[in-house]
Amino acid sequence: MITEKMRAAAKELLEKGEVETVIGWEKGTFWYNSTPAFISKPEQADRLVFDEFCANNLAKYLLDYRNADGKIAVFVKGCDARAVNRLLQDNQVKREKVYLIGIPCPGMKEAPKTGAAQDTASLPLLAKCQSCATPNPVIYDQLLGDPVPAREVPNRFAGVEALEAKGADEKYERWGKLFSECIRCYACRNVCPACNCRECAFDANGLNWLGKQNNLQENQMFNITRAMHVAGRCIECGECERVCPMGLPLMDINRKIIKDLNELFGSYDAGLNLEDRPPLGHYKLDDPEKFM
Amino acid sequence: MSLNTEALPKSQEVTASPEAAPQPWEPRIVGFACNWCTYAGADLAGLSRLQYPPSIRLIRVPCSGRVNPQFVIRAFQRGADGVLVAGCHPGDCHYSTGNYFTRRRFLLMQRLLEYMGMDPRRFQARWISGSEGPKFQQVVTQMTEDIKALGPNRKMRDVE
Amino acid sequence: MKYAYYPGCSLHSTGIEYDMSSQLVAGKLGVELKEIPDWNCCGASAGHTTNHLLGLALPARNLAIAEKEGLDVMAPCASCYNRMKTSEVAVKSSEETKAKVAEVTEMEYEGKVGVKSALEVFVKEAGLDAIKSLAVKNLGGMKIAAYYGCLLVRPVGIGFDDPENPMTMDDMVTALGGEAVDWPFKTECCGASLPTAREMVGLKLVYDILTMAQSAGAEAIVTACPLCFMNLDMRQNDLNKKVDNANFQLPVFYFTELMAIAFGEKPAKTGVRKHFVDTSSVLAKYNLK
Amino acid sequence: MRRTGVFVCHCGSNIAGTVDVERVAKEAAKFPNVVFATDYKYMCSEPGQQVIKDAIKEHNLDRVVVASCSPRMHEPTFRRCLESAGMNPYLFEMANIREHCSWVHPDKEKGTIKSIDLVRKAAAKVVKDEPLQKSSIGITKRALVIGGGIAGIQVALDIADAGFPVTIVEKEPTIGGRMAQIDKTFPTLDCSACILTPKMVDASQHPNIEILSYSEVEKVEGYVGNFDITIRKKARSVDMSKCTGCGTCWEKCPTKVDSEFDMQLGKRKAIYTPFPQAVPNKPVIDRVNCTKFRTGKCGICQKVCPTGAVDYEQQDELITEKYGAIVVATGFNQFDHSVYGEYGYGKYPDVITGLHFERLINASGPTMGKIKRPSDHKIPETVVFIKCVGSRDEAKGKSYCSRTCCMYTAKHATLVHEKIPGSKSYIFYMDVRTPGKGYEEFYKRTAEEYEAQYIRGRVSKVYQKGDKLVVRGEDSLIGRPVEIEADMVVLANAMVAREDAGDLARTLGISYDKDNFFTEAHPKLRPVETHTAGVFLAGACQGPKDIPDSVAQAGAAASKAIGLLSKTQMESDAIVSNVDESRCSGCMICKGICPYKAIDAKLITERVGGKMAERQVAAVNKSLCQGCGACTVACRAGCLNLLGFTNEQILAEVEAVCL
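Residue numbers (our numbering), protein chains in the order written: chain A, -18 to 273; chain B, 11 to 170; chain C, 100 to 388; chain D, 154 to 812.
Because the hints were derived from the structure by calculation, they are not lab data. Hints are supplied without guarantee of correctness; some may be wrong.
[Unchecked claim] From the structure, some residues in chain A lie toward chain D, with a derived Cβ separation under 10 Å:
no. : residue
1   : C181
2   : N189
3   : R258
We put the beta carbon where it would ideally sit given N, CA and C, even for glycine.
Please build the complete structure, drawing on both the sequences and the hints.
Dropping the structure here:
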């Protein structure tokens, strides 16, 4: 249903020449994966699909088209749309150079444990979708289908609160164990729409902010710095955690920061609109005063 | 070029002056001090001969807003037992607004470090004005005592 | 609409007319009033001056009972309303106070329900349109001074109307076809607590209010407080005796009485016959008998 | 490999008393990149500096560390020393082993170890020092004054007298401002107009002063020394070059309108000058009220004008000019007391404000100087003054003291006594504050000789009773309520910022406080500067002020502006932020953080994949940057760096002290 509308929309845009590329999803190697698709010809439109496995946040691919001559169309779910707002607010893409086709998102499913064919309805929702409060795109030029009703979202900070309650050493040991597993593949960074620097501080020559050794301390430095860099800017798409090959609970860090920012400086959800600026980019005279 | 840490004599080695008895462990606190308030406050503590433990090493920055949270992590990594970030009181910033950003950044950082398992007493942020020599003395003394009680920091540390 | 009804001591005694007429108006407006079971004194006049915590705890107990039923409270008496509102705000704004009050009352009041005055419920919430549509009689331009007294819209910041120039009752009078006179003594002190201890001071305050209302052209005063009512109504005869040239015959009404009459109730049922100052002639003048 | 020299100072016994300076020098010599280390009795002395200069030559040093006192003390001294030895002065660091070590740590062993650490830190930083240069910019020798009240006029006269061209932009049709509305001035009781109008004339005739009345500042671009300012000249409907100010038009105009200048107590015409001594003395048409503009009919003024100056077709005109300095002198407004229910919400006509009263006592005012009640023109016998209306009242008004009201109320009471025989004044007050030359004496005279009765307490209610106003309050000194039947009540309303002050602040890029007054750069030491270089403040736009204070501040602001304009080139500090454009992604988060508006986006062109592409990056204006470094932390990629305090330098220091 949505798939057909997608194809029709992409075809029309490409035929009329309104956009030069459409970014969407297509079926991957297995029935349970749908991967990003980049099409530039109307006849390729039939490759596009929208199903329970279109988890990839497509917004970040817009960065690859910074210097494109024409417009780029991209399909956006709720989280992708917030990611587009992130990129717009960070001046990384120009609104007039993108065409956004919104898709209300029913939530994406986890890949099955085995490849055997099975009923997708029985598969659990992805972790990132379970706590999603914005399934409907918050910015778009065209919306396919009707908005989906807001999902009942459990307290998304429950995990953070449980961790906060632990003792200092227990916390340190837990994170230490997790961070020593980090292989510093930077997949979390590469997929993150808030990590949109031209050159990451960790890649730059001469800055010397991060040692190249893969050990606990450097991994700590990397993970804490990554979290601080997206502080107040994270749109909670959960892609970092989803793509982590070591399964590190990265959203536990991002959410901790979001929770603290909300408590300290007032509630803020990044990427919902373009007007509200990230909390670390400004201040209030009456911010909490814990320092003496 | 980066600093060749291997080639440097370690302070522990330097301490071994022939006639001196072996020194007990002293905490090592890295302090970031803004030039206009806290650094001046520390200068005033000196002018007033206010004694405090020789645990702190101040790094002068123009404004507490210049202190990058990564400097703090790097200090712990390299062996600091405690880190202090200090600047002008809100409203007194020489650059008018720098410390408001400091306040936001380090309120957040403090909570994050605690979440990572650091004892919050090891990372402190304080407002110390140019006239608050006694406050500088008191903050350093207190922090040194706290950290002495906690013992040397092993967390996030990569040099033994 | 359903409210827990807190009559307080007045509405069961000296202010019985207020109770009678409030019940009538509630019935007409479709407001269900359920009297708070086992209610206690609100602590006005004596309670809060002896002990601050007692002053908070007494009304909190009544609020706690109402909270169990999930109902907001309607307290027609301005004094009861003021005490309950104070307790409500204190509990809502401090966890510490909440805990202390709970300890004293041995009842949990979470601050989930609050208190409203009868004026708020019958005029603000019901709305002037509803009042107009229910009115079968018109006050016919009767000139009325709306008198709110000192407690009803205070303290500043938590009341439901402007503390210096409240308009809720004036709007009601206008909606019923009366003429609300503009006068400056809407929130003056009526001296209700004074006549026993310092008679002349108390009488002077009543005298000033009555004189000002008369000079503004009022033919009647309308109020929403049983203490003000009693004071203004009962003291007129006293004044006429003790003050040279005084000859007051200024009828005083509860706003609910006027509403009930306009809604078609027989004046006798509303309680206007129980007043000290005769009300029948002014009602007769405007065909409201 | 750098060649660093380390110089350890004894400071007599100040350092050497508790620090083994020889050992410090000996250890320092072992540090990487250190080729020479020595100690000396007084490094800052002439011979001490000579030691450094000689060592630079002898050992071919390219970096210098001095371990001595606080850099806040002698950093400039040693920088000059390096410069005179032919080195770039920024290739230098200090280790503060006196204030931060020898004076506070009596244990010599521990103090010595700490000193060694501090020298190691400085030596680690110094190898990462880069030669820095100061930059300079040219200056447009011309000033803009916004606001033509007494402060603005004074600023303009002072700057113009110093020989620089000045433009006054005034949004009203005439300059003069609030002072023109005032009748007499305290504490001397000399006539306000008599001392103001000559200054207005001076301004209009000064060859260096241009007055743009009925004009507003629309846009401000550029920076100190080089502002590009767009001014909107509102359509007067009168051709200034033709009009002679003869007055025929406003004599014949049939439309009467409440006069703003007379606080609505008097009338003016639809074509008008606000008052007879207006400068320029040429009228404007109030298009909202003019019959010609409302209905298309009338046109009398055009018919009667002997020079054909009336032009109904005139349009607003936008002009853009270059200025080197801006002085803001936009003044104040009166607090709107309609929030005070106890004073009748502004609905009693005989409850008036101080400025109304000024117009009532002014000989050229609507009552020809006779004090008459607005309601029935009766002469009041009892006048009650209420002070602190909106001032010192956090609940309903402003938290601050308006500073002028005590004095002008005393003045008003004096004038009531003088002008109305047998009259009586009562003044309700919280405190009487008279900090000014001759002020206390004036107040005393008012109370004692002019028989004004001061009542300490607040007024709880003012109400109409017959044709009297009853003022009820408390005399808190005797602890009793008081009631006064007055004929007129005069409120001393607070001075508040102009309602559009926030907009102007944003246009200018200056900051303002919670009450919308413009904020000075430092409350004590830089009271007339703003945080935006080249923008200065004068008068009540910065906070409540009386005339002497406004004029004094105007003089100060003028001298700051003159100081700036008298330079040909302006030198800026070398410690500034620097953008690595190749890595900057142009997110501009830094822009919002800079308090000096020194960062802006710029477009650069580069070759990408065989074609030219434009890209946005951040650009630091080196003359505006003050070197706080807040932006560098906001920059995630680390491509903003503060020269002299780079990320690399600070990290090197961290590593050095953590060893």
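Hints, verified against the model:
1. Against a cut-off of 10 Å between C-beta atoms, the interface hint on A/C181 holds, since the closest Cβ of chain D lies about 7 Å away.
2. At about 7 Å, the closest approach between the beta carbon of A/N189 and any beta carbon in chain D falls short of 10 Å, and the interface hint on this residue holds.
3. Nearest Cβ of chain D to the Cβ of A/R258: about 7 Å, under the 10 Å cut. The hint holds.
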